Each structure stands twice: as C-alpha cells, then as structure tokens.
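J.: Given chain A, work out where chain B should sit, using these hints.
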Amino acid sequence: MSHRLRRSGVSTSTIASTIASTMLLLTGLFTNVDAQDVRSAARVSATTIAVSRNAERARSSLDRWIVERYRGSQLLADSVSQSSAPTSDPVLPRIETVRAGAAADTLLAMHFLPRAGRPALQSGPVRIAGSTGTITPLSATVVVRRQFRAPRLPAARPKEGDWRYGWAYLAILPKVGRPLSATTFRGWLLLDAAAVK
Amino acid sequence: MNRGRTLWSLGGTLLVAGAFGIGTWFGEQRVHARGEWADARLLSTAIDSVRVNALDSLPSDELIRRAVAGMLRELQDPYAAIMRPDGYQRYRGSLQGDAQGLGLTLRRQGSNVTVSRVAAGSPAAVAGTRAGDRVLMVNDVPIAQGWGRTEADTSTAPLELANLVLWRAPDGDTVRVSVRPGAWHARAVSDAAMLTDSVAYVRLSSITAQTSSELEHAVDSLQAHGAESLILDLRGNAGGLFEEGVRAAGLFLKRGLVVASLDGRRGSAPEPHYAKKSRWTTMPITVLVDAGTASAAEVIAAALRDHRRALIVGTPTYGKGVVQRVVKLTPELSMRLTTARWLTPNGVSLERRHGVGRDAKGGMIPDVLLDDAVRRDAFALPRDWSGDAVAAVSSAADSASVHALREGWTTLALPSLESRLQERILTAIPRTLRGDAMRAAWLNVGTRLATVRALEAAGELDALLRYSVREDGALRAGLDVLEPGSNLVRVTPSSVPDAVTARRTSPR
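As given, the protein sequences belong to chains A and B, one line each in that order.
Position one of the first sequence corresponds to residue -19 (our numbering), numbered consecutively onward.
Position one of the second sequence corresponds to residue 632 (our numbering), numbered consecutively onward.
It is possible that part of the hints are untrue.
To give an idea of the chain A side of the interface with chain B (calculated C-beta under 8 Å), a few residues [to be verified]:
(1) GLU48
(2) PRO70
(3) LEU72
(4) PHE92
(5) PRO94
(6) ALA109
(7) THR114
(8) LEU133
(9) PRO134
(10) LEU160
(11) THR164
(12) LEU171
From chain B, some residues computed to sit far from chain A (all C-beta separations above 10 Å) [what the hints assert, rightly or not]:
(13) SER725
(14) THR961
(15) LEU968
(16) ARG984
No wet-lab data here; the hints were simulated from the structure.
Nothing here was measured: the structure is a model prediction, and the numbers come from that model.
Just so you know, even glycine gets a beta-carbon here, dropped at the ideal spot from N, CA and C.
One chain only, chain A, in its complex shape (with noise of 0.2 Å):
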C-alpha cells in the first residue's frame, strides 16, 4: 500500500488521513463505501474528489431519509464487504420514496430482515420489477446503502426486543428514453441486475 501511495505521489498529509480513516473503517465506524473513496484518493486524487463528493451527498441524502422516516433509528456501518454474497433470504428491496429530477430520478428503497444480516443488494447496477415481479428493462445504479436498526416501541430501550433491522439503499435512475412516470415505481422492486437473466 505505502509503495502505491509513494508513486502516485500523495502527500504525507494524505497517508496519515488515509491510515486514520482505515482505523476508523477497522473500528467499524466508517462504511465501506468510505473505505472505497479512501483506497481510490490514493490512486486518483483529482477526479475522486468529485465522485467522493456525490458519495457522500448521496449518503447524507439517505441517512438523513432513514433517520426522518423513523424516529429514534440508529445508522449502522455497513461492514459488509462489496464482493461478499448478498443474504440468501429471499428479499427484494421495495421503493418506498421517488424523487424526480431533472436528468434523472433518485429511488430509495429498503427492506427489513428478520435479524441483523447482510443486504440484499451490493452497489452497482440493478434492475426494477413491477409489484407483482414483471422485470422491466430498466437499470438503476445503486449509489449507496447503509444497515440501519428502528425502534419496534416508542422511546425503544437497549435491549434486542426493542429493535428491528433494516437495510437501505439509494439508487439513480435516468430520465433517457424512459416512457414511465417516476411516480410509477413506488411499490416496486430492486433487482440484483446478475440475477437476470
């Protein structure tokens, strides 16, 4: 690692915040998604910069979704790694929230599992399914995801019973050539995009 960030010709600046931010991401409490903005900085500073940016405006994005939507949620880091198996349950992550744009439209989308578990879906392409499951051909990309537990009673206290488990994501769909309404999908599914045929 410290051979890649000496030819690439990152300031000494850069690899102490790089090895505070991996200790953080050890500690578990940076996401992935972090990490992966981390290992890239050290490669191409000048256009991860900006990805960076969307990165971290399309999480505050979410969070603050998760945390307005339930009262009392709590945000958990996501530790699970990208190229890790999604979670053999048989969940679809439904759109709960569409927000128009004007090139493209944001979708939010999340399921909840009957315990802590891994998420249904990795960053990346995915394709959307009607309510009743007819894919269609359009693919979203998932931006971000974030593991999030809400309170089960008002005023939840610490204890297990309290609390249920949800993962969240946030998905950009472009406008291009695209004859549904936004509207549309609310109600409908996420698909891992490999998982289709």
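T.: Below, chain B alone, put in the same frame as chain A:
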C-alpha cells in the same frame, strides 16, 4: 373576664366584617345581573327594532336564530353550530352509528361499474348484492347512461326503490335485485382479518356508540384464530365520541392508567379519564394514521403511544384536540359548542393551531413517517395512462379473472394464482404499446387487477387483504414493525418473454 370581653369584641368585629363582605358580594352580583339583563334587553330591543323597522326584515324566530348563529361565528369556534331538529337527529345518529341509504359503494373503471363494497347489515346486503357484481342497469336505465347524472338531470323525488340488474362472475349470470333505501347500523369495525398466521388487522372507520364493544369482539375473534399482534388502522377515521375513544384505548392499557384528560374552562384542573376495562395489555400493536385521523381516533393513538403500547405509522394526524357538547335551547333549536380541550396522557394538546413556523401545526407526528399513508386501492389504475390503455388493461384483467374463477384457480396459493393470471394477461398485451418498459408495466398492472378481481368475486377477502399489502405502503410499514422481513405474498421475478417482445416490435 377581660379575656371574655376580648373574645366578644373579636367575634363582633368578624360578624360585622362578614356581613359587610356578604353584602358587598350580593351587591356586585345584583349589579352584574342588572348588567346582564341590560345586555339581554339590548339584544331583544335590537331584534324588535330590526323586525319593526328594517326594510327587508325576517320573522322573529329567524332573526333570533341568525343572531345566535352570528354569536357563534364570532366565537371563532369552527365546530360550533346551531342545529334544527333534522340536523340534530342526523348528528346524533352519526354518533350512534346510524347509516341511511342503500349501503353500496361502486367503482367505475372504463365503462364498467362494479360493486366494490356492500356494508354489512345494509339494505343492499340483505337484498343479496355482493362485492364484485357488475352493475348493468338501475331502474331500467343502462349504467353507462345513468352514471354522472346529477339530481338536476333526473326527477327530484328521492329514490324509493332501486331495481338493479347485475352481472355475476364466474358463470355470467344476470341477477335482478330490488333494494329499498333504509337505515342500518354501520359497524365501526369495517375490516377484521388475519394478515399473517399471527398478525391480525382491524380497521376502525369511526368512533361511535358501540365502538369499544365491537373492537373487543373483533380482537377476541381474531385471537381465537391465532392473533398474537395487531395492526389497528385508524386512517380516515374522523373520530366521534370521546368516551368511546377512551374505552377503546383502555382495552389495550393497564386498568387505572390515564387515557386522556379533559381541560375545561380556565380555573378548573384537567379531569382525567382512566382505562377501566383492560383486555390486552401486552399484545404488540401498531397503529396506522393519516391526515384524516382526528378527534377520538387521535385519543386512541396518543394514549397507546404515550404509554409505549404502540408504534404509530403513517402521516401527521389532523389535530382535533377539542370536544363539543350539544345544548338544547328550545325543542326546535340545539347548539353545538366546544366546551373542553383534551390532553394526551403526557399532558399535550394536539389541537391544530393556525400560524407560521414548525409549531404552527397540531396533530401527532408518527414514529414511522411516510410520504403518503392514504389507503391504497389495489384496484386502482395508473392515472397517467391513456383512456385506451386503461380500457384495454381493464378488459384483459376482467376476462382473465373470469377464466380463473371458472377454472377454480382462486383456491390455489396466491403466487400460483398470480403466475397463471400473468400468463393469460401476457397474451393480451396490445400491439400498439411501444417499448419493453411499457409492456412490462402493462403486464404488471394487468396481473394485479386480474388477481384482485378474481379474489373479490370469489369472496376471498382475507387473501385480498394480504395481496393488497403490496400496494398499501402504510400497511406494509406497519407489518414491518410487528414481523420484520415478513414476506406475505412471495414475489417471483419474471421477465417478459423474448417471444412476446419480438412479436410486438417486429414490423407487421
């Protein structure tokens, strides 16, 4: 001796002071009474003067009624009103759960008009009308011609008898029923069913005189079917009787807990109302609310939340934090007046306040705050589709659902029924539809419509409710609280076959 004299003189002083005090009080009361009489005389003189001198006057009783109405208007109490005997009876009847009419709710899609709901115990139910029946004619007028007519277009005489010609699936029988409008008791519990093996669903649509006993009966019966937790749907419930709201909430709270308090005119302490009949004090509950949840329905939601008995899911409630009383002025005239504010167990008023800023609104902010919590109709068609697309998908769904009923598919598990219907709908995709995305959306809507229509006509109302969870975001969010990750109707992803796509896109 001296001591005795002192006591006598002290007693005398107190007596004189007391007499003076009482005299002053009586004097003030008399002055006050004289003032009130003077005001009353002023009102009476004004009315007499208007009656005698005004160019376009009104009869005395009408002038008095309007004077009282004006007084109430100036109070700025949005719920205050003057009621004549018929209005008073209607108001009283609505709080008792009295309903009047046929008891039919109709749904129009394209040129079809279908019975979507028949109120239990209503004249339509007694006459044998069923949800899913298609209405062909009403009093010998084809429904396509009669729909949309207003009272002005037709005879002004009230409907005395509705002779309906209905088309009934699956055999396509034509059924004739005569329904005479009448009165019946509209149950406050409008839906009660098992959503999963252990989660029950109860919808309260009003808080009328028998609500708590109807709710108790419904939950008892669902518990006998295995209910361990409950989704209580208060969406669109505008409330009703405060005391019934207190009784209904009390069923789920420990006996003796404060459900709500009434805070009357200034000076008196709030009067607490307690849970008296406790039944289910540990059963997990989720309450669904929306902007139409008001008054006594808010009493229930707030009490269950303040006592940590239920998580509230939906959108902010209406915020009617006051109660009214009806005062009978004369045999012909009654007056409804806001007489108290009700407070939640935590001492908060939910009354909606007009103004600016975040604190300007009243109502209750749910624990799970959704974008939209309005009850979703699983029969709904996309609003932005063309008339042709809507007619085509509606007709294809109808034909597929009738086929399903004839073949007995409604007895299959929901995923199997859905998958068979999807295959039927696939063959009906119009050639005019452009683009794979549109075809997939058409197939999705057609499959959903065919499934719900088949379930409705087969009378599979529990299955219909379970299926509707997919469309109803608030119900799904409520279920997520009680059974996180519950998959009511398993969705099997399926692509539109290439053959269909190719056939539709190839030049003709």
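J.: If a hint holds in the structure, say so; if it does not, say that too.
T.: So, going through the hints one by one against the coordinates:
1. GLU48: Because about 6 Å separates GLU48 (chain A) from the closest Cβ in chain B, which is inside the 8 Å limit, the hint holds.
2. PRO70: holds (7 Å)
3. LEU72: holds (6 Å)
4. PHE92: holds (4 Å)
5. PRO94: At 5 Å from the nearest chain B Cβ, PRO94 (chain A) passes the 8 Å test, so the hint holds.
6. ALA109: holds (5 Å)
7. THR114: Status holds, d = 4 Å.
8. LEU133: holds (6 Å)
9. PRO134: holds (5 Å)
10. LEU160: Since the shortest Cβ distance to chain B is 6 Å, the answer is holds.
11. THR164: THR164 (chain A) check passes; min Cβ-Cβ to chain B is 7 Å, inside 8 Å.
12. LEU171: holds (6 Å)
13. SER725: holds (32 Å)
14. THR961: Answer for THR961 (chain B): holds, closest chain A Cβ roughly 48 Å.
15. LEU968: Consistent with the label, LEU968 (chain B) stays out of reach of chain A, its closest Cβ about 34 Å off (over 10 Å).
16. ARG984: holds (22 Å)
Hint compliance for this structure: no hint is broken.
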